[in-house]
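Chemist: As given, the protein sequences belong to chains A and B, one line each in that order. Residue 309 is where the first sequence starts when you use my numbering, and the numbers rise one by one after that. Residue 252 is where the second sequence starts when you use my numbering, and the numbers rise one by one after that.
Hints were generated in silico from the structure; no laboratory data involved. All of these numbers come straight from a predicted model, not from anything done at the bench. One or more hints might be untrue.
These stretches of chain A come out as covered by chain B in the derived footprint (C-beta under 8 Å, 3 or more residues) [claimed, not checked]:
1) 545–551
2) 571–583
3) 667–677
Quick reminder that beta carbons are idealized off the backbone N, C-alpha and C, glycines included.
Here's the letter readout for the chains.
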Amino acid sequence: MDVSEKLRILADSAKYDVACTSSGVTRGGVKGMLGSAVGGGICHSFAADGRCISLLKVLMTNVCVYDCQYCANRVSNDVERAAFTPDELANLVIEFYRRNYIEGLFLSSGVLRNADYAMEQMCAAIALLRNKYRFNGYIHAKAIPGCSQELVDKLGHLVDRMSINVELPSEASLNALAPNKPKDSIFKPMLAIKSNIEQSKAELAVYRHAQPFVPGGQSTQMIIGATPDTDFQIMRLADSMYKKFRLRRVFYSAYIAAGGSTHALLPQGQPPPLLREHRLYQTDFLLRFYGFSVDEILSEDAPSLDPLLDPKCHWAMRHLDTFPVEVNRADRETLLRVPGVGTKSADKILTARRNGTLRFEDLKKLRVVLKRAMYFITCNGQMMPGVKFSEPFIYNNLTADVKLRPGSLPIDPPVKQLTWFDATNLLPAANDFAVVQSGQI
Amino acid sequence: MHDGSFEGLLTAVFDSYAHSPPPVSVAAAEACQQRLDCQYAEVAADPAKSARVIAGIKQKMGPGGYQKVWQAFLFDEDSDNNRSICRADKSDVTYHYIRLGMRVGGKIFSMLTDARVMAMDRICALVGREAGLTNEFLRFSELEGGVYYSEIEPEHAILPMLMPHFVDRLNIQPFIIHDLRHGFAGVYDLRDWYLTSTAEMTLPAYSNEEQRCRRMWKLFYDTIAIKERTNPVCRRNHMPKKYWKHMVEMQPEVQTANGKLQMAICRSQQPPEME
Ligand code: SF4
């Protein structure tokens, strides 16, 4: 089989992994080595689905002895199989990198023979890239659930980021759909990565030239909508992983029934829940950058995010007593809780108001988007002309541009929460994706 | 009026301090439409004066101020950006910005609603955004002999912003980035890099590997998209169409005379001779 055949098969089987970012590490070029890394990450292209292509995202092999029901590579599925040799893969990375097609490599693998054997293959390819080809660009590797500590350790010293995918948000779902991956096989290596990272940071503080371990941090991914787990469960798990394992990112991936599995638990013939995925990302940003806690947004009694309103608006509607906020006096924390005011806008407001009182015209000059914010702020004690501070007024305006099946838009508050099932025909607007990528909510 | 060079502009700024009241505007002679009711003075570029202005900016406003002035100078008034959105005259914008900055110092960075600062930030942002996107989307091709060659058509003269990034990153390969629109190129020869005019530039043909590599990249690009999530608007927002022309993965595959598929290649310098 020639290399392009392999590339086709192994890119195709890697495409459902969402993490393609190259962020978290800044490393200048080194004379005689190929590559550098830029902290914010660089996208080199955008695929037809609008997702960023930053790294060459492929599997080492899609041969797999496990039988995860949600995955097209599972042993019981009849698909074309292929495997790269370390040299083939290293060569591809170098040729693409030299042409500025990519920022580096994102490598994962099916479980060929067993977890350790598959990890060793990945290590071999990456070691070749680093040592023989002197590659200094970004590498993200996915560790294989159930692999040994030593291999985590070895791989971690070669790559910038490591991830282990949780895939399913509850133990029950894991047991049902991923019989070969007990919970421990995922969380143990995650914990190992975390403690290795901490140890490496301590070492680096003493010996500046120590080889860093996973300097770009670790991340994980959850599949959304394959199992009946609620948004509340998902976000609670994400939150605890951020805290317990110091994850850099949790990615959410709308389930696409590509594996042809007819397992009773899996939804059949439904479009991927893109809006739900989008709302989860928004919530994730609120946790990481806006000082929110999960309990403020979701609860046992209200376990689903609102399809009609972004989670910040939804929170604000239930806390109208804390609004409107005076732009000229509010602190950063308070500004960040205003719907539509992102971190960038908040910082611009804080900077600009040092030179005098801000009016609504000034906010426009600062390019603060007022579309949602205008219902929740005052400038110098005044609401924006034409805006009434009343719940029905705000609610109707905020939801006015949501395209919905005729008749199902609730006309009067109080808000009836739609279930995700009702909302399958709701799609996030194209610019919402941009918002999520930049995290300005 | 100055001669259109960076030094000329800074010299004009320097000389403005000798006039009271200060001149209302500074412009490149070429772009200046003289009006009968105004007085004009021509300024000859003077390296000593311009160096003093640079030192002054750095001292009063800090290195960030000089970075802005330098970046604004890469702004191209004939760009589509400028004709459609902001219609700025960079000489004039820079002149007022420097005069303000020399007066208020570092405080200028928080005067985000001042018209002079906004005008400056605007053109710097346009230049910066384009440089950022070009960093992402430009593509190199390997030529025979191992030189990597890239063609770009940016609206602004951003090449000086691109070169350091690629020299740092791709220091093991000689390369050329050719700005077709402004007719100059950045050349890295494994030791230094420099800018050169491209009136006469003859290049070798593409290497044998090039075609294979392009097809593999196109194959990867087409494979990695999830068809259930197709979203052309989102793609276009992130990757504006004007960049597609020079991006390998956005070219169609074409049939050659002998019936083989290969990647279309557009290149301005010479017709491609590729198997
Ligand atoms: S381990 Fe599971 S998720 Fe990973 S490739 Fe194998 S079947 Fe797919």
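Chemist: Decide, hint by hint, whether the structure agrees.
Modeler: Hints, one by one, checked against the model:
no. : hint    : verdict
1   : 545–551 : violated (count 0)
2   : 571–583 : holds (count 3)
3   : 667–677 : holds (count 3)
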